[in-house]
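Chains as they are written, first to last, in this note's numbering: chain G, 1 to 313; chain L, 314 to 787.
Rather than coming from a laboratory, the hints here were simulated on the basis of the structure.
Think of the CB as a built atom: it goes at the ideal place given N, C-alpha and C, for glycine as much as any other residue.
Any given hint could be a false lead.
So, partial list: chain L residues that the calculated Cβ filter (under 7 Å) puts toward chain G [said to hold, decoys possible]:
hint	residue
1	VAL318
2	GLU322
3	ARG324
4	ARG362
5	GLY364
6	PRO539
7	SER548
8	ALA551
9	ASP552
10	GLU557
11	THR575
12	THR576
13	GLN577
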Amino acid sequence: MLSRMADNLFWLSRYMERAENLARILDVAQRLSALPSAYAGASNEWESAIATAACAESFFNTYQDATRENVIAFIVSDDANPTSIRACLETARSNARAVRTAITGEMWEIVNGAWNDMQPVKLATMSPGQLASFLQSVKETSLRFDGAAYRTMLRTDHFWFQRLGTFVERADNIARLLDVKYHVLLPEWEPVGGGLDYFQWSSILRSVSALTSYHWVYRENIRPWLVADFLILRPEQPRSLISCYASLNDFLDRLAEAYGRQGKAQRLARATYARLQNSETETIFQSGLHEFLTEFIAENNGLAAAVSEQYLS
Amino acid sequence: MGPVVAFNEMRKPDGTVRAGYDQIARWLEAAPPDVLASRKAEAELFFRRIGITFNVYGDAQGTERLIPFDIIPRVLAANEWDLLARGLEQRVNALNAFIGDVYNSREIIRAGVVPEDLVLRNPAFQPEMTRVEPPGGIYVHIAGIDVVRVDAETFYVLEDNARTPSGVSYMLENREAMMRLLPELFGQLRIAPIDNYPDNLLKTLRSVAPRAASGDPNVVLLTPGPFNSAYYEHSFLADKMGVELVEGRDLFVRENIVYMRTTQGPQRVDVIYRRVDDEFLDPMAFNPSSVLGVPGLLSAYKAGNVTISNAIGTGVCDDKAIYSYMPEIVKFYGGSEPILKNVPTWRCRETDSLKHVLANLDELVVKEVNGSGGYGMLVGPHASKEELSEFGAKLKARPDNFIAQPTLALSTVPCYVDGGIAPRHVDLRPYVLSGADRVRIVPGGLTRVALKNGSLVVNSSQGGGTKDTWVVDA
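In isolation and in its complexed conformation, chain G is listed as follows (with noise of 0.2 Å):
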């Protein structure tokens, strides 16, 4: 296929992927927000979802203060933010219109209808229950997206570099979250796992949707160690990072068949993966949450980098 075609695919399920997870981010955050502090803790819920976001930097050149309507405002639709929920969602569709050839239509009926149903959004007089529908309808987009690629493309490469941008944002994604609540969450002067974060920590699996299956999963209160250990090592959580791995070496496996040769993206998502798999954590709260997920992040960055410079330039 077109190296072009390839590089459209891949980001049009990076920006649905993202699209999504920024919905979740801001539904966390509007639910945390709403507990009283003896719940919550002092921390401010707007500014972490800015750093979840990872839009700090272009948000505080914008504004001043992480206040809810400032930090909704820039996520869902700031002309200043360059990847708020209406940004990835143009960029998804205007990808989209660039590979229709390579999209089944029921995929572009979802791009478009989104982007269709974006045009008259108006943040402005939107009430929390408006908005909470509005974030809902972007989560039901992509997982929308998402079915339909699964259930109607071809198994062939189209499919595999969909899948592979799938991926490579999820678990960007996962390891910013974790990243970001890590620093939340430990506080000095809180004693780790206390009753005070129980909300932080059960408001993480929840934005990924995983609060039930943690307990089907643990059987066990929520404890941070397992939640991380839920969210990084787990294969059965299906957006853990041991998961999106599995899924990207069998993905970039795929190619290398198809095409009967192989390069640095498989060399390297295969790495990463064996690092997952021979990790407990333990040992990852040993070295430090932290280190591993900045560690993992830039690995992350680099396999991406490399499928692109193999496949889709």
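With chain G held as given, fit chain L onto it using these hints.
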């Protein structure tokens, strides 16, 4: 508007319904008005959802618009269509022979049938094409011939589009929409199918692959990109044919061979269905600032290693002064009388004609010889005094640049407008595919409607719409 009464395609002057329209007339009478309204809304939703949009140049608000769609189909009886189809095939064969001639021995010029300067000084004439022999001797693989009807027997050809005619995706999507919206009518009528057009197009393109190409030639569709007004159509056709939709930057030429950049390295390209104009095709040969094209493409083409479709330099036929010679051209190459008539045309370059045109400007339609899309034309009966005198001055300054035709009473068909049914003027653009093996035409074409009451301009850029065209056994 003049005293001429337009031909009503559905009803005779006495109010009775013409052959082919019975069921539609009955359906229109039986259907409550709100059904029409809701079907129309449904149609709009359908088009918006699948993103059938076009871009209007020079329009600052919203780069993408829907082309208005009318839900009442236009009907042609099978015997009317058969005659039309024979005329189209004859005409397009003549176009191909003419282009082959002007880039080779120029017999038609030597015979004095067409003046030399009209060909050689034509801005669309490409000296680079001299003695280039395309596979099968075909230059115009895809032609869009604009036809209008003025009475029960007479179809006129209004324009020949031999460059890169667009609109065929609307023809196909209109049918798709109608089958969803009015399935009841499809059950009652025998409507000739058109959905094999993309297959026919692919067959045509493969038939003209270079002789050196493998048995399975690689066909691609070259688009200027998502910002082009017809991008939807480009992606639609590439998708239906199952060929790659490429942009200039996806292709490169090495040692006179064209390749596309793929995830598995370079892959050879045999046939390029290009929707990029001649002058942007190859910055080394034509417009050096073009980023839409492929450097070296022309020399690969001249070396016979790739087919460009339509060939370069076919725009000579789109010229409206050349158009005025089409009856002679058809006769010169085909030996027989043209089946399809031309609209009587005054060439303003000829002194007597110019005099006549200036004296009767308020009754005529005046067009630029190289204009298209309804831009830069004057519809005399609809123009104000100022517009007329302004246009008269333009005409006197550059008579070569214009032709004039009588204001035709274009036929009308019923349309659903402003909550009611009213007649509107239409034209028809059938698409003619010419391969090395044969000519293929799917029955019907794109019917364009002038949606404004009394308007004769059907172009989408000028407020026109479209409707589905049914060829039925009457």
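Against the structure, the hints come out as follows:
Checking VAL318(L) against chain G: minimum C-beta separation of about 43 Å lies over 7 Å; hint violated. The criterion of a C-beta within 7 Å of any C-beta in chain G is not met by GLU322(L), whose closest approach is roughly 34 Å, and the hint is violated. Nearest Cβ of chain G to the Cβ of ARG324(L): about 39 Å, over the 7 Å cut. The hint is violated. The interface hint given for ARG362(L) holds, since its Cβ lies 6 Å from the closest Cβ of chain G, which is under the 7 Å cut-off.
The restraint placing GLY364(L) at the interface with chain G holds, with a minimum CB-CB distance near 5 Å, inside the 7 Å limit. Taking 7 Å as the C-beta contact cut-off toward chain G, the hint placing PRO539(L) at the interface holds, the least distance being around 5 Å. The interface hint given for SER548(L) is met, as the beta carbon of that residue sits about 4 Å from the closest beta carbon of chain G, less than 7 Å. Proximity of ALA551(L) to chain G holds as hinted, the smallest CB-CB distance being about 5 Å (cut-off 7 Å).
Interface hint status for ASP552(L): upheld, as the beta-carbon distance to the closest one in chain G is roughly 4 Å, under 7 Å. Restraint check, GLU557(L) versus chain G: the minimum CB separation of about 6 Å is within 7 Å; hint holds. Residue-level restraint check for THR575(L) holds (minimum Cβ-Cβ distance to chain G is 6 Å; threshold 7 Å). Restraint check, THR576(L) versus chain G: the minimum CB separation of about 4 Å is within 7 Å; hint holds.
With a cut of 7 Å, the hint placing GLN577(L) at the interface with chain G holds, because the nearest CB-to-CB distance is about 5 Å.
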